[in-house]
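Just so you know, the protein sequences line up as chains A and B, in that order. The numbering used here puts the first residue of the first sequence at 1, with every later residue one more than the last. The numbering used here puts the first residue of the second sequence at 1, with every later residue one more than the last.
Derived by calculation from the structure, the hints in this document are not laboratory data. Keep in mind that the hints are not guaranteed to be accurate.
No more than 25 Å apart at the CA atoms, straight line, and that leaves these computed lysine to aspartate or glutamate pairs for DMTMM-like [as the list claims (entries may be wrong)]:
1. B:Lys49 - A:Glu681
2. B:Lys40 - A:Asp639
3. A:Lys676 - B:Glu53
4. A:Lys209 - B:Glu157
Partner residues aside, some chain B positions facing chain A, computed with beta carbon under 10 Å [unchecked claim]:
5. Cys15
6. Val19
7. Ser33
8. Val133
9. His137
Heads up, the beta-carbon is just placed ideally off N, CA and C, and yes, glycines get one too.
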Amino acid sequence: MSKITRRKFIKISAAGTATLAMSGVILDSTPKIADWFDKTPAKESEVERTPTICDVCFWKCSAWVYKNKKGHIQKIIGNDLDPHSNGRLCPRGTGGVGMYNDNDRLKTPLIRVGEGDDATFKEATWDEALDLVVKKMNEVIEKYGPESIALFNHGSTAPHFEHLFNSFGSETTAEPAVAQCLGSRQAGYYATFGEGITTPEPVDFVNSKAIVLIGNHIGENMHNGLVQDFSHAVENGASIIVVDPRYSTAASKAKIWLPIKPSTDIALLLAWIHILIYEDLYDKNYVEKYTYGFEQLKSHVANFTPEWAAKITELDINLIKKAAYEMAKAAPAVAVHPGRHTAWYGDDTQRERASAILNALLGAWGRKGGFYLPEKINVPKYPLPHYPEPDWTWQDITKEKYRGAIAGVTNIIRDASLPDSDAKHKVKAWFVTATNILQSIPEREKTLKAIDNLEFLVVVDTMPADIVGYADIVLPECTYLERYDDLRASKHKIPTVALRMPAAEPKNETKPGWWIARELGIRLGLEKYYPWKDYEELLDWQLRQIGTSLEEMRKEGIKQFERKTPLYIPEGSEWYFPTATGKIELYSTWLANMGYDAMPKYKSHEDNPPGFYRLIYGRAPMHTFGRTINNPNLNDLMDENVLWVNPKVAKIHGLKNGQEVWLQNQDNITSDFPIKVRITERIRHDSVFMVHGFGQLNKKMYRAYGKGAADYKLLSKVELDDVTGGTGMRVNFVTILTEKPQKQEVES
Amino acid sequence: MRYAMALDITKCVGCADCVVACQTENNVPIGYSRDWIVEKVSGEYPELKLHFESQRCNHCDTHPCVRVCPTGASHVIEGGIVKVKHNDCIGCGACIEACPYEARYFHPDGYVDKCTFCDHRVADGLDPACVSVCPTHCMFFGDLDDPESPVSKVLRENPENFVLAPESGTKPQVYYFKERLHF
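All chains, please: the whole structure from these sequences, using the hints.
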């Protein structure tokens, strides 16, 4: 049996009734939103509104969904009581209506039928699809154990499927948000302060006198409350210090922009630590009272002088020093933001450690203008029996090598699914919920190979993302505007609980994630883990435990609670940090005990080969990676990415603005679609930049298909973070082709 | 009464929330917009400057669009807001030609459309949609004749400001703060 052909991506329907579901998607995709709009906008006071929690990114702003007089969802406005948004959504939140309206959405369950080139999707009823999923699950559980079924998940839907997995005995779960994004940050800050960084990041920007951003492009990433606080800091005249090879939007607001040579950030951070210590600029009382390992750190950084760092980073030594002095002057009202997407070069935990140490020396942790101490309201879990104990979990295939991994590592679970995997335990089947892992995990070829080797692949999504084409069974989820999900009880300055409830009936045959997971659970005989009949019952029970109810929350959307703990460390007080020493560890005993460097070191990384440029990717304010590209409202704001090149580079390659080019990386992988050149001084000569998420490969997303280039296809090389197993992805180089490359056979 | 808008370009990040908020508030069809973002970069790496401008109809005091309109569809209402009566518009496009800001577009339903300063919201005491959503709080709206209005206050605090295409002599009523000088 040829598994390679079995798993062929289902591209375009051939013929016959079985294929109408998907081709129909294309036919009725023309946006005709104006058709059902009222001509005159409705008054907010006169129309129905429903509370939601935005799901266009992880910031999860509480908001109101307004319907027009015809009863159609018209607009989404921030909830004034929400400290995540202060009543103002970002463009993606405002454009969230497009998630609901998008005609390209998945509409019915789909089941793969036929083999190889004849494979196609057949529309199925929920009963057919769910029964088939359960049949396949039982086969794999029987043969390989429940642990061999893995879950790749993301976002609001994740808890429903994690619960399902834990109920049948699998903890083989991971989300790209860890190994591809913030895992190393969490490890680096855990090593230092005994705890990771909460979301939203507890930076006290509104009171900061200085802010340091390391490759963190606030304003292009529209992390809502953070952007608002940053804007206040700009208005307050805070010294903004931005380290970035690209003149980012944030850099344009900066007092000091350090146009660093990519991959040398640790050298800069060590030099700053050196200056603070050797020029006596650190917070002595704070360091003495709260930290562990200062003397070790002092001797460790003795040679990491600004002169040393200037050579490595290609920065003006005076700029390096000036930035350190600005931080010291502002301390403790200074925040070196830990960043969020930190999977860059493979030494990412150590880079995050360096920024954490810098924050500690400045006395910024737990101080006004630095990092506040976030607090949350504890919402009790609905009472359930204990989960079964799995024979093995993600930790058993991860921790031998990546001892500091803090949560499931997607790429390791993927690699344990490869036919030639040498993992202690093998993964045989996948659920992929609400994440297009072909795009969100690098080394796409490996992921495709792993998919070929699976017993089955179930995809739960709202959109026909690339991964959907490889599924055996597709379960269409409704959007966040049509469903209940878990309560939001985030850690913040103000503890809150927020509700998402459906503002409209699910379109077509789509269903909420909780319902899909529950139906599977019941069919697997796991009724005892689903004692509630629907999510209203579960949420109402939870809300009543904290003194409110579903009825009240439907009217308010969000409820604020009094803080019970201090917002900052009270001046001069004793304070316990949850590390092994009870102190902030400048010298990390946790890392040392695991055999890693207890203090960060700089190691050099490969430079761009001649004629190649480092591929730097990032965000645009109106998109959340691939998941918003087909949203009609947001696609209207930006429908393709462009390749930023420095004028010097443009001259070398004879490029013109707007010219279409193709990219080829160091492994001879070329982009599928052309990307237009943007010649701009805003990017260093040794790098090119593009926004992540474009170049979508599934034709069923008709607005997004083939528009711009896909950075993720070019990220075929990774440097794994030795502590967490995270995938450093800023290690790929591309050259610019002005002619369309010969088509390579990359997809089997 | 004289409605006006002011924008602090030192805070704007060019996120286009103003654009999508206007679309959903005013039912502007996908593919069209009443406001838009312009990015302005100058200098050479690494000596660079950059700012964004959220642009729209300037609701000018001297309004060439109203003067050229053959049917009177383009008109001015209280507070100096320039509007188009959709039913009276014959879609001749003269106003589109006359506007130095390219603020007007042909609506697919056959009339010319543009920013209204969200007069339906202003009548209810609300800010225009774009102002009300801006995550950087960089936009201010109000009555210039009221010294306590947000727009009067910020223009007083930031007397260094500019308007777009002043040479056209239209006396536009959307003001942009000059770059902050605190560095």
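Provide an ascending list of the numbers of those earlier hints which the structure does not satisfy.
Of the numbered hints, all hold.
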